[in-house]
Structure formats: structure tokens, C-alpha cells
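Q: The lines below spell out each chain.
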Amino acid sequence: MKLEPGMAYNTKKLNKVFAVLSIIFLFVVIWVVLDDYIRPWKAIQVKAMKIKQEVLNKQLKELAADIKPEEVKKLNALIVEGEKKVAENSKEIKKLKDEVAGLKTNIYAQKLLNGDYNAQVGALTFDYDHTVQHGDEAKAAKILTKLNGYKVQYDDGKEKLKVFEAKLKDTNEKIAKLELAQTGVKKQLEDYTAKQTRLELALSQTEVNPVWLLRNSPFVDFLDPTIKIQQIVVTNAADDRYFQKVPKVDRCTTCHVFIDQAGYETQANPYKTHPKIDTLAVGLNSPHPMKDFGCTSCHGGEGHRVNDFNAVAHTPQNEEQKKEWQEKYHWHEPHKIPQPMFKLSQTEASCVKCHTGQFYVPQADKLNKGRRLIAEYGCYNCHKIKGWEGLPKSGPILTKISSKISKDFAKNWIWSPRVFNPKSRMPTFFGQANNSKPEFMNKNVAEVNAIVEYIWAKSKDYQPVYKYNVGNADNGKALIGSIGCIGCHQVEGIEESFKSGTKFGPHLTGLGSKLDPNWLVTWLKKPTHYNPDSRMPSLRLTDGEANDIATYLLASKNEKFKNLKFAPLDKKIRDELLVGYLSQFDLKSTAEEKVAKMSDHEKTMELGSRSIGKYGCYSCHNIDGFDPDRAPIGPELTNEGSKPETQFGFGIEKIPHTREAWIWHHLEKPSRWDAGAPKAFSDLNRMPNFYLAKEEIDHMVIAILGQVSDYVPLQGQRRMIGGEEVASKAFKTLAKYNCQGCHKIDGVGGEILAAYEDKNEGPPQLMQQGFRTQTEWLNYFLTNVHPIRPWLKVRMPSFPFTSAERNDVISYFQGNAHQQTYVDLPDTVEWEPGEREGAIKLFNGLACTSCHAGGFTKDTPTAPNLHNAKQRLRPDWVEAWLANPQEFVPGTVMPSFWEGGVSTDTEVFGGDAKKQIRALRKYVQEVGVNGYPAPLPKNQ
Amino acid sequence: MKELVNYLSSPMYSFTGTLVLFYFMIQKVHVVGSKKFAKWATLFLAVTGAWFMSDDVFRSIITTPDNIPIIILIFSVLFFTWFSLYKAVENDKRIDQGLEPIEGTPENREKVWAWPNLVYTELFVIIAGTIFLIAWAIVFKAPLEEPANPTWAPNPAKAPWYFLGLQEMLVYFDPWMAGVVLPGIILVGLIALPFIDFNPKGNGYYCFKERKFAISMFLFGWLALWVFLILIGTFLRGPNWTFYGPFEYWDFHKVVAENNINLSEIMWIKLFNTKVPGNIFVREIFGIIFTLVYFVFSVPLITKFWGQKFLDKMGTIRYYILVFLILSMALLPLKMYLRWFFTLKYIVAMPEFELNL
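Protein chains in written order, with the working numbering: chain L, 14 to 953; chain R, 75 to 431.
Hints may contain errors.
Unchecked claim - One-sided and incomplete, this derived list gives chain L residues near chain R with beta-carbon spacing under 8 Å: (1) TYR22; (2) TYR50; (3) TYR255; (4) ASP613.
If you're looking for bench data, these hints aren't it; they were derived computationally from the structure. Think of the CB as a built atom: it goes at the ideal place given N, C-alpha and C, for glycine as much as any other residue.
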């Protein structure tokens, strides 16, 4: 085609290109608008409207059953009747209403005038002052005249307004009186159908109508949309953006629409109500209301993101859900998110970051179990964890070990504790997947030999003070089961001890093949004789009892283990290992020279000492020659939950590359990471195998994952109020002696109770103990144990408390119960007229002495001696206890005579429950004796 | 096969391969600049590309939103290079026959109106470009990463794609050289080009034969030392800036043995088996001598064997600037080979003065 002159292209062709491009451009613009407008969360909110409709309709239906049509009919008929009555006075009402209209106009006009007068007064006042200040007297006088004129007008106006308003009120009252026959019934009908009206109103808001469409249409939806992003700004928790710590912004409720509304419990996610809305979180009355804590403070994840399902870093709770999500939401591993959401089963890990200093977090059962396990297995010995400092070493002292067991036993035990005691908490270092090569085994044997030689060389002499005589094993067995041993120990052959599941003390088996009998008897009678810092208390055993128990325990034997012969020390390997140690910072030849100069004994000692250091034995056991505060060998776990995932080495293990999976598999089999290229002997992983059960690992992983480095603002932390902080620190002492192994303290612990069918036969539960007993008495009791409930077979042990520990125990109880240390105790009881007689009548009438027999009758008492109550119990507690014993000891045999504040005795004091209780408390104080009961004799 | 590709992709082999291909291209311009070649090359690229894309790892690297511009870069660079050569070969043939270049024919010298020939078509390009950018922005979401953390940098930490060639240079040079001196020379050199250029031919039309030296030098710097390094830096550098083959999973824990040593250490310890002298100038004397030889004493030799005719035509100042620029450019491949063959870290290493070459 011929082109026009001066043209390189055909214009018509250019126009066509332009048209095509413009049309494409138009489509792209429409595309971008739609892409911006259509968001996943909008679809969810629209569906939520439908669900809400269904739920409301259902509620309306249910409500319809409550609203009786005849009642509505009746009320409507009354209204019609009222209308008739009102109609009789319609003329007068019309006149009055016209009057009202006129008055309202007057008031409106008057208000306008008054406003103007007031403004003039203000302006002229300023003018006058200003003129006077400048000395223009003449002008000032003029202004003053004007000002006064306005003031008068303003005052008049105010008066007029008052008159109009009074008239209006009067007229309105007249109208109301005339219309009363109708309005009263109308109000009744409104009240009757109020709930229905409310629901209908809510229902009308879920309607899709043109207004709704307009409000949510593109471009217009910036004004006042109903479908919009919801957010909670949480100042109690912060997102660490590294340059700045910013309040958390949680937009989860954009999709989890009904999370804070009851009534949607059965809906599928995201439309579900929070399952613990009232007891745990979200609900206004729960401990963690949504407006203060948001969602991600506990659940983790990226709460501010609403792009799509994956942006939030949702974590599936199991493989099944993972698959479901992959299909439904194209779920994939979160990308570039340091802390994804916790698995649902691990959410409790979040508690740790705010509940610092609280060993047990209420409602966090799995976490508490995990932390308990960490304490029981003594993880904190080798791994520093902030907040876990100052706890006692987990293992027994080895400073006098030579008097307790034989060398061969020790060697075999270290090599493989589980062969002797399958439930031992002593972990297994040797014979693991990473050190089972013959070459490594030989070196390990040399190390174990040297360790034992070292410990024996350092071990001090010890002579048991009691002699073992064969006693009655059956009686011993009965004693172990009944006097309280099973609060801490599981004992082979004693069924009750396994019910409690305690792991505080060692599992007792095969002692006949392990211990020197004299040592055992002495230990049972007086544990502090062997170990002054022992946590094992004295149960004040007689010689006979101690021998009976020892006889039973020694009958359990493990001859196979006893007959194991441990390979002797291979001196060549020993020297080789020593050279290895010494040549770390020296030439090999120099190291060899040094070793050659040492005597045989010195060499063994050197290797023993170095091996103890290598395996960290000193962290759990007291060993002479090792500073008790020496740094442990394990890495610190304080921030383990925030350790970047790339810092975990997965070696050749085929497991998910997540923090959680690494910790889990590490606990399951620590030696696994050494698989792969062969490693040198000195580079092997030294973490021993605890042979943990899968369930135990699950719980421990939660506790470890909770150790995050998240920044929590002060207002978000669980702050200790009253004496709680002292109590929380003092709890370590209670944990040290395992008080909660026997006593259920404020609802926690009391494992031993599982062995009792009747809980009242077990150790007493301590609910608000600081409120119950007097401080002086508790202090006396802790060092001078005396019988309170003589019918109980289980014994309160005599613990070797130091004064600091006694302080801890007492301040724990005081602090936890929010109580003062001392309370007012009257010297003499002051009675009101007739009160004492009433008290005695009640005391006899309620037959208190049928149980509290001590000192009153000769019957065997089944409740504490009331004569000692005066010096033991706090008066306020006595009253609270009488009012509702079940509150303090659920399941107690103490009857509730005043249940719900209503007395069973209607005669005394006219049945006034409060007066009756107070009188009884006074009576108990009156009959009380001074001084404390004599303590039970301790073993000397 | 994939193993082999991974192996051959390592910088040493792939860079050498690039050099060979480049040499072939310059020597056989008339082959490369033909439609036949373009067809076969497209076919080859389509087949290998399809095979590459069938690999999960490669596909995940290629389709990362970050890397889209580089894909565009590869195709546009390939096309435009070929296109210019094609045009140049056509014109070269005409010039050999004594004709004027196509751009110089009377019908192509005719003047046309700016409106609508220029302005209207520019509008088309604006609209088409906007369409493309909008569609791109919708289809590939912004590749956002975790919040910036000064104590925990992302690994690998990569510069914007257009700077990845510079970042790749950091492997071989001190940051001061790779980040400041060499880019500075590149900039100054590009500015200086019009003043150095003495060849009046090739203005306004494609050609190769008439500007063989200028075009070869530029394409070498652009293709081999800039675009190629960007490709390496983008696709083949993973965590810890370690090399990963195109089909290799970016395992965070990959360890490579790279113990680089300085020239001084090679000379004093390896060669003379003696201790390294304390005086830094004595210590670095070999490197200093090498540098002087490279930049100063080599110039007369270069002139004698190659540059005499340039010197005659350009005059002294322009000639020496040209030689300096070429030597600076050659420093990069030189250093790369020294690194690969001798694990050489620095020729001159004076960390005392922050001066390393």
C-alpha cells in the first residue's frame, strides 16, 4: 500500500493498533480493580452473615415457643381498649398538643434571643474593660450603658424561658395522664417482646439489600462498609520489629468472625466460638479478654496479615489437618516467618513468656507436666534455664559413696543404669547409637573405670550408726504403703506406689543387690546422718520399723546385675585418652612426655577427673574436687524456643526441618545427630539418653518451646500481686522437699492421694493454708511435728528445714492466700448477752464432739482436737470453714450446716447463720488451751 | 546428566564456556548474525529450557518473583545482541559490495512527520508498558521477606538484581575494589568512551567490520563481565553465597572448602619456605611488582605488539587512557582465574591500609 508523503505508517493501521491497545488497557484496569476488591476474607464475612442469619432464625424460633400468642393478643386487646378510652378525650388532647407545639416554638425562639444577648454581654464586657484600660472614660461610659441594657434583656430572657419550660412540662404531664390507659399496656407489650425485637433487629442487619450493596461496592466502600477488616490493637504484647517494638495488631477476627460470641460453638472454623471463651481467653470475663490480649499473644503467627490463609502462618495440628489444608487452602510451610503459629496442642507454650516466675500456670496442664518432667529429670542441671537457678542437684551426693555401694556396682550402674533399674532417671551415656563401635566402647570402658576410681579415691569414710537386724518384711511392706514413702518413691511390689505415679525420689528395686544393710537402716532412720543436705526426711521410724522396712527393701535382689563383671581398666587406652586431652593445647610429643612422667594412680585420677568434666557428672552429683557452681556442659535453654531454625543441625535425619521436630527427636534419641560421616571420639554428642516415653517428650517439648525471647511489655507480664512474688520464689523450697507430692496444695499436686480410695485417709489437702493456720503455730509445727489427726496412718515427716526454708514455706502459704503474717487473737473471748448459751446449744445440738472427740469424750476421735484450735487456727478461717467446708477441702467429711448461708438450726439466734457461726467460733476459742502439743520424738 | 550440568555450571567452567562462546561469536559474526542461526538457537534454547524447567529446584528458583526481571533480561539481551549482529552483517555485506548501508538508502533517508509517526507510536509503547506492568504486579506478588533485623541478616543477602554482578565481584575482590574503584572506573570509562573513540564510521547505522574493536570490547564487558555475573549471582549463589548448581537444592548447611591465600603467602611460605617478613612493603613486594608490571611496564609491550596503530591515530593521552581501561577490565577475568587455579586471595594484601587488590 502506498503511504502518504511524510508518513512512515498508515494512519488507519495506527488507529487500529491504538483501539486494540486501549481495549486491552480497559480490561487490565477492570482486572486490577477486581483484584484489589475481591479478597478471601470478604467471602468469609459474607458467609458469616448467612450463618448468623441461620443462628438468629433458630434463636427466634426457640423464642417463639416462649412467647404465647394469647398473651400478645390479650395485651393488644388491652391496647385497643385503652385507645378507645383515650379517644374520649381526643379533643382535649388535641388542644393540649397544639399548646405544646406553640410552646416549643416559643422556647426555640427564646433560646436564639438569649444566645444573642449572652454573646453581646460577653463582647461588650471585653470592650468596656479594654476601653477603661486605655483611659477613654467617655467611651467607656457609653459602652457601659449599652452593656447594662443587654444584661437586663438577657436576665429577662432567661426568666421567660423558664416560664415556657415549666408550662411545657405541665402540659406534657397532662397529656401523659390522659393517654395513660394506652401507654402503660404498650410498654408491657414492648417488654414482653423485647428479646424478639432485639433478635429481629439483628436479623435485619444481616440482610443483603441495595443499601448493603451500595455500602460495600467498589470505590464507595471506603466510606462506611459493613464488610471490613476488623482489628485489635494489643498493648499487652508487642511485635519485635527490631528497630522498634510495636503493639501487636491482630486482625484474626476479620475471618474468625464469631470467636467472641457464644452460640456458634458447633460451627466449623473460622466461624467457631472460642472453645474456652469464659474460662481461659477471649471472653470479657475470662482471664485473657480478647481486647487486651488479642489472639497471637497466645497462638503465635502473623496476626496482622489478612492476605490469605497462608500469610498468617497457620500451623496444622497433625498430618491429617495438613492434608486437608493443602487441599482446601493450598497450605504450605510458612515462608520467612521466624515464629509461626504454635500447633494447637502446643499453644500452652505461650504461657511461659508472660507467666514468668510462676512455676505452675493455672489451666496449662500439658505445660505444667512438661515443666514437672524437666524438674524430675533434672534438665536444668546441665542446661541453664533462666528462672530455674538455685534448685538442688538432681542426683545423690557421691562424696561418701564408697560406704554405700561397691565399686563394681558403680561401674556397671554408670554403664547401664537401666539394666539394674528400668525406671531409673539416671540417663544412659554408653552403648548408644553413636558410641557403640568397639573402638569407642573400649575408650568408654576406660573412662568409666577412671571415673569410679576417681570418685572412690575422693570418697570420705562413713560409718552407719544403726545396725541392721532382720525384721518382718510383711510389716515393712505395710509400713511403706501406709506411712507416706510412696509420696515420693515408687517401690517394687508396692501396688499403691504406682498409682500415684510419682517420680520425685528414686524408684526402689533390687536394693538387696546394691546397698550395705547397715547403711540402709541408718539412712531410713536418719537421712541427714549420711547427707546433711538430704531432701529425704525422717519419718521418725522406730528401730523395729526401720528394720522391717529395710528387710522388705533388701529382699528385692538383682543377682544378675550384681554378678556382672566390669572390664578392667586398659592402661594403654587410658594413656591414649590422656594424651588426647593434654595435646589439645600442646604438641603431641610434649603431652606424651607429660603422661609418661605421671604415676599410674595420677594417670587414672587425671582421666577420671577429665571424664567427669566431659560427661558433666558434677552437674547432678556432688563430687569432691568439683566446684558445685562449675558451669554445666549443656547449652542454655532460656531462649531455645526462639532459636532460628537454620541453627539446628539435622544431619542426615529425615525429619521435618522445624524447631519443634528437632527438639522432639533430640529428646527421643540424642545420639541420632552423630549419624553420617564418622566422627572423632572426642566430638561425639554427649547428651545421654533418658529413654523418655513419647507422651513425656510431647509435654517437655511444649515447655522448651515456651522458652522464647519475645519481648513482653511490663503491663503484659503476669505480675505478682501481694505476697505472690515471695510465694513464687519460696515455691522452690516446697518443690525441693516435694511437699505437693503428699499435700494437694491449692489444687495442685497430691499425687499420693491417688493411692487412697477415701481421700480423707490421705495427707490433708492444703487449701489457702496461709489463711487457715496461725503463723506461729506453723513455724512451730514444721520443726516440732505433732499429731493433729491421730487416726491417719500416713506421717508428716520431720524435715531438716533450715530457718530460711521454714520462712519460705510459711511465706509461700501466706503469699498464695493473700494473707498477713499475723492476725489479732483476743486473750479472752467476749460474749454478747445470750450468745454463749446459744453457742453451747449449737455445739451440743450439732454433735461436734461425735467427731472432734479429743478432750470431750472417750471415743476415738475422727477429727482434729478442738482444744488445740485456739493456738492453731485463724478465727476468720474457722468462720469461713464452718460456713462452707467443701470450699477448702472438697470431699471433706465435715458437714455443711450452713449451706448457702441458711442454718439447719432455726431456733438459736432466730436461725441467723452468721451469728451462729461467730458464736461457735468464739466457743472453740474459749475451750482452747494455751501452748502447743509436745512434739513427737525425733531420731537422734 | 543433571550432575554434569551442575558441575559445568560452576563459575570456573561456565565463565570459560562464556569466553569461548564469545570468541566464537566475534570470529563468526556472519554465522551468528543470520536468521538460520537464530532459528536453531531458539530451538536449542526451547528444548534445554523445557528440560531445565522440568526440574523442581530449578523451577522454584526461576519462578521466584525476585528473579522475573532477570528472565526478561536474558531473553532481551539475547535477542537484541543477535538483532544488532544480524543488522550489522547485512550492512557489512552491502558495504563490501560498495553499497551504502540500509539506513543510508534514499528511501530510508526520507523525512517523515513527528506526529503521528513518532508521538502516536510512543503513546502505544506507554500504554503497552503500563498494561505489562499492571499485569506483572497482579500476577506476581511483591516478594516480601521477614522484618529487617540488624542482628540477623537474611542468608543469602542479595543486592537488587541489577547490582548482582557487582556483588559477584565481591567474591574475587576486596569490597573497596569491587564496590568503589571498579564501578567508578566503569562509570568514568563509559563517560570517556565518546572522547576516546576516533572512528567516524558506524554513525547511524548497524555495522560490525568497521567497528570490530569497539563492538567486541563493549560486548565483552557487557555480556561476559556484567550480564553473566548477574546470572551467576542470581541463579547459582545460595546461602552463604556458596555456589549451587541449577538443579541443586539450596541446603543451608552446605560446606565448601575455600581457603584462599595471599600472593605474599604463596611466595614466601610455599615457594621460598621461609617466614613472612614483618615490613608490609617487603611482604607485599611481589604483589606490588606484579601490579606495576601489569599497569605500567606492560604498556610499551602492548604498544609494540598491538597498539602502535592506535597510538598513531589517537594521540598519547587518549591511547593511554584506553590501555588503562582495558587493563582494568581485564583485571576481573584475570583475578577470577588466579582464584580458581591458585586459590589466590589478594595480589597485594595490605589490610593495614585497607588496601587489597
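Q: Broken hints, numbered, in rising order?
A: Failing hints, ascending: 2, 4.
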